[in-house]
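*Asks:* Here are the chains, one letter per residue:
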Amino acid sequence: MIFVDTIYFLRFFLKDNQKQFQTAKKLFQQAVTGQLKLFTSIIVFFEVYWVLKGVFGDKDPKVFSILSLILQMSFIQIPQRDILQQSLKNIDFYNFDMEDAYNAIYALKNKTTKIKTFDKKLLKKFNHYQS
Amino acid sequence: MTYYATITSKRQLTIPTAIYKQSGLTKSQKVIVSIDNGIIKIQPALDFVNQIAGSFQLPPKYKNKNISQIIQTAKKSYFKRKFKQPSL
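For the record, the sequence lines run as chains A and B. Note that my numbering numbers the first sequence so that position 68 is 424, with each residue one more than the last. Note that my numbering numbers the second sequence so that position 81 is 134, with each residue one more than the last.
One should not assume that every hint holds.
As the list claims (entries may be wrong) - No farther apart than 25 Å at their CA atoms in a straight line, the calculated lysine-lysine pairs in the BS3-like style are these:
hint	chain 1	residue 1	chain 2	residue 2
1	A	415	B	135
2	A	415	B	94
3	A	480	B	133
4	A	371	A	382
These aren't lab readings, by the way, just hints derived from the structure by calculation.
All chains, full assembly: derive it from the sequences and hints.
*Replies:* Take a look at the structure:
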């Protein structure tokens, strides 16, 4: 099993460095044809999200598209992929804080009925998903 | 080209011969199965990777910048924005 870091995903999608783009592409091609097994972490997924939001801006649909494609890369193991997919599907696109959606859905999946936070947006999301 | 096919109790589906031949799929080939608005899509896995590789462009102002710096700056500004206001 090979761990894939944030930069690999960014280089693969953005092709801003030709050499590293080709290296990342080759790795994913090998994985998709079953020659290698890849995995990554939730932190990497969020790091990609934070970077894309910083680079493209808050409301750019490219952020959503790239995250969605990463989750479709079923040849890469991602922990809690189902929660991430659900979070992405449920985010309010124009007010989209992926971590709030993730935390709210994660809390609900663990069958909690209460959430302690000072973050109004997270509370709002939790109550919305709960209802 | 549209055909009827039946899903078995093990969720298996036989691709109609004509569609199989036209698709260029081969035995044991890896495919990506996805669903989009209720329509199930089967795509050669390698095509999927090739199709999405390099499919987004970095905004010009970030071209030729060090990726580690971009990551650091993007994360810093993101969290600065997120936590700048009192939440409650």
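*Asks:* Residue 480 of chain A and residue 133 of chain B were given as a pair; does the straight-line alpha-carbon distance stay at or below 25 Å?
*Replies:* holds (21 Å)
*Asks:* Keeping to a limit of 25 Å between CA atoms, is the pair of residue 371 of chain A and residue 382 of chain A held or broken?
*Replies:* holds (13 Å)
*Asks:* For the pair supplied as a hint, residue 415 of chain A and residue 94 of chain B, confirm whether the alpha-carbon distance does not exceed 25 Å.
*Replies:* violated (28 Å)
*Asks:* Under the criterion that the straight-line Cα-Cα distance not exceed 25 Å, is the pair residue 415 of chain A, residue 135 of chain B satisfied?
*Replies:* holds (15 Å)
This entry does not satisfy hint 2, going by the numbered hints stated previously; all others are met.
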